[in-house]
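Use these hints to put chain B onto chain A, whose structure you have.
Next come the chains, spelled out residue by residue.
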Amino acid sequence: MEADFGLLLTGFLAATVRISTPLLFAATGEMLNERAGVINLGIEGAMLAGALASAIGAVAYGPWAGVLLAVMAGMAVAGLFSLVAIGAGADQIITGTAVTLAAVGLTGTIYRTAFGPGGPGLTLPTLPAVGIPGLSAIPVLGEALFSQPVLTYLAWVLVPISFWFLFRTWWGLALRAGGESAEAARASGVPVERVQVLATLVGGAMAGLAGATLVLAQVGTFAEKMTAGRGFIAIAIVVLGRRHPVGVLLAALLFGAATALQFVFQAMGLALPYQLFLVLPYALALVALAFAARARFTARRSPLTASRSDASARR
Amino acid sequence: MSPPAGRALFTGFVAVAIGFVVLAAGLSLGGYDPVLSLGALWRGAFGSWYALTSATLVRAVPLIILGLGVALAFRAGVFNIGADGQFYAGAIAAAWIGVRVAAWPSVAAIGAVLIAAVIAGMLWIAIPVLLKIRFGVLEVISTLLLNFVAEAMVSYAVTGPMQETKGIYPQSDAIALVARLPGPQGTRLHAGFLIALFLAVLLWLLFTRTAWGFRLRAVGLGPLAAEVSGRIPTRRVVAMALVWSGALAGLGGGVEISGVTYALFQNLSPGYGFTAIAVALLARLHPLGVILTGLLFGALEAGAQGMQREAGVPAVAVQVTEAVVILVIVLAEALTRRVGVGSWGLGNRRAPAEER
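As given, the protein sequences belong to chains A and B, one line each in that order. The first sequence begins at 39 in our numbering and counts up by one. The second sequence begins at 18 in our numbering and counts up by one.
Keep in mind the hints are simulated off the structure, nothing from the lab. Take every hint as true, because none was put in to throw you off.
Okay, the calculated bits of chain B under chain A, using three or more residues with CB under 8 Å as the criterion:
1) 42-48
2) 156-162
3) 166-174
4) 326-334
5) 339-350
Here are a few chain B residues that sit away from chain A, every Cβ distance over 12 Å (derived from the structure):
6) I136
7) G184
8) A228
9) L309
Every residue gets a Cβ at the ideal spot worked out from N, C-alpha and C, and that includes glycine.
Chain A extracted, bound-state conformation (with noise of 0.2 Å):
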C-alpha cells in the first residue's frame, strides 16, 4: 500500500512537471512581453506552428531540427504580429487574435497538404527523458524531476535567466521601463519598440519551444488546434504569476498539478466524466485570474475602478 502511495505520488509529480514544461515555456515568453508593454494573444498561433514545425523538421531530421524549426516558426508567427502591433500600433488584441486564426488555417492547410486529407495518426521521433546522474536516484522525487527530456530542463533553467535578465541587467531595466511608461522610458533614450519588437520575437520562440515539447516531449503526434487553448492559459499564468519570473514557474506548475489530477482520479478508480477534466485548467485558469485580478482591485481602488482597464488600455 505504502508502495503505491509512493508510485502514485511519483506519476503524479512526474506529469506534473511534463504538462507543465510546455505552459512554462509560453508564460515565460508572454511575461517579457507583457513586462516590456505588449500583450500578444498571438502566442497561442506562434505554439501552434511550433508544434507543426516541430512534427514537420522530426519527420525530416529528427527532434532536434523540429525544435530548431519550431523556434523559428514562433518566431516568425510573432514576428508578424510585432509588424503589425508594434511596427504599426494596431491594436495588439485584434492582432493577436487574427494571428492565432492565421496560425489556426495555416497549419491545418500544411498539415493536411503535407499528411493527407483524413490526418492519419503521425508517429514522431520523440525527445528521450535524460536522467541526472545522481539526483535522478532520489526517491519519489528523483525520477519526477531529474528524469526528464531535455528540454524541461531548459525550460526550468530559462526561469533563472530571465530573473537576471529582467532584473539585472540595462537591457532588462529598459524593457520594464518601457513597459511601465513608454513616453518616459524613450525620453531616457531607450529604443522602445526595438525592445518591444525583440521581446516579442523571443516570447514566440519561446511560445514555439512550447509546441515542440508538446509534439515532441509529450504527445508524439501532432494533431489540427493540438494547443487547444494552452496559449491563452499560459497569459492567464502570467497574470496569476504577477509577471515575475519564479510566480510564473510556481502557476505554471499549479496549471500542471491541475491537469495531472486526472492521473490519480484514474488510478483510484472513480469514473468521472473525462470532460471534466477537460475543463478543469480553463476553469482554474479563471478562478486564477479573479483572484490575481481582485488582490490588485483592492490595493488600487479609486473613484474610477470601473471603467479604470477600459481607460488605461486605450492609451
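Chain B only, in chain A's frame:
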C-alpha cells in the same frame, strides 16, 4: 466619428483583395492550381441557385448574427472573443428544448427554442461579465477561455445526458418537426435569414436613434470621458453591451439548430465566433454593413467547401484569408490614426496597465 464611407469601402476592398492574393499565393506555393481552386471557390459560393441559397446564404446566417453580437460589444469598447462559446451554449439549450416541444404549436415551439438559446447565451457571457465587474478580469481572456469549456460541455452532452436514444453517434436526437424554422422548398435556406436581417436593421435603429445607442458609443469612444460626465453609468453600459452580445451569439446557436442541423453535435461551429470578428471589423461595426460582410464571408466559407471538393484544398485555408482581412483593417486603422485623420473608435489596446 465614422470615416467617410468612401474610404471605409476602399479599405474594405483592399483588405479583401489582399486576403485573396495571399490565399492564391499560398495555394500555388502549396502545389495547388490557384485558378482551378479559386474557380472552385466561386462555383461553391455562387455557381448555382442551390449553391447560393443552400450554401452561401445558409452559412451567412450565423455569421451575420454573431457578427452583430461582436460589433455590439466592440461599439462599447469591449471584446467578446467568446462568441463561439455562447453559440454553443445557445445550441445546447435549443437542442434540449427542441425535443421537448413536439406537442406544441409551431410558433410557440420555435419561439421556445430561440428564447432558450438567447437566455443560454446571456448566462454564458454572464460569467465574464461578473468577473469583469466584480474583480476587474479582462473580458478578452475570460470569454476566450470559456470557448473551450463550452466545447467540452457539448462533448459531454452528446456522449452523455443528451445523446440520441439510439446511442450510436455522439449527437443529440433531432428536434421536433414543429420546432424547425421553415424555409423555401428545395433549398436548405430557412427563416433564420430573415431573423438575421431583422436584427441588423433593429440594431442599426438602436445605435442611431436611441439614447441607449448614444451611451454605448460614448462609452466605446471614451470611457473615461463618459464616466466623468456623470450622466452615463459606464459600468452598466459595458455590462449590458456584453450581455446582449452574448444573447445574439446564443441566438445564433439556436437558429443553427432550429434551421440547419436540427441536432447538436461536436464541432457544430467551425469557428463562427472568430469569423464574426472579421465580419464585424470589415463592416466597421455598422449593423447594415454586417449584412454585406456576413454574406461575403458566408460565400467565402461556402466556397471553401467547394474548393475542398473540387480542388482538394483544405477548407481551413480560407481562415488565413479571414485573418489577413482583419490584419489589413487594423493596420489601415492604425496608420490613418497615425497620420491624424479621423479614427472610427476602435482604439489600440496594449498590455493592460493594471498588470504593469
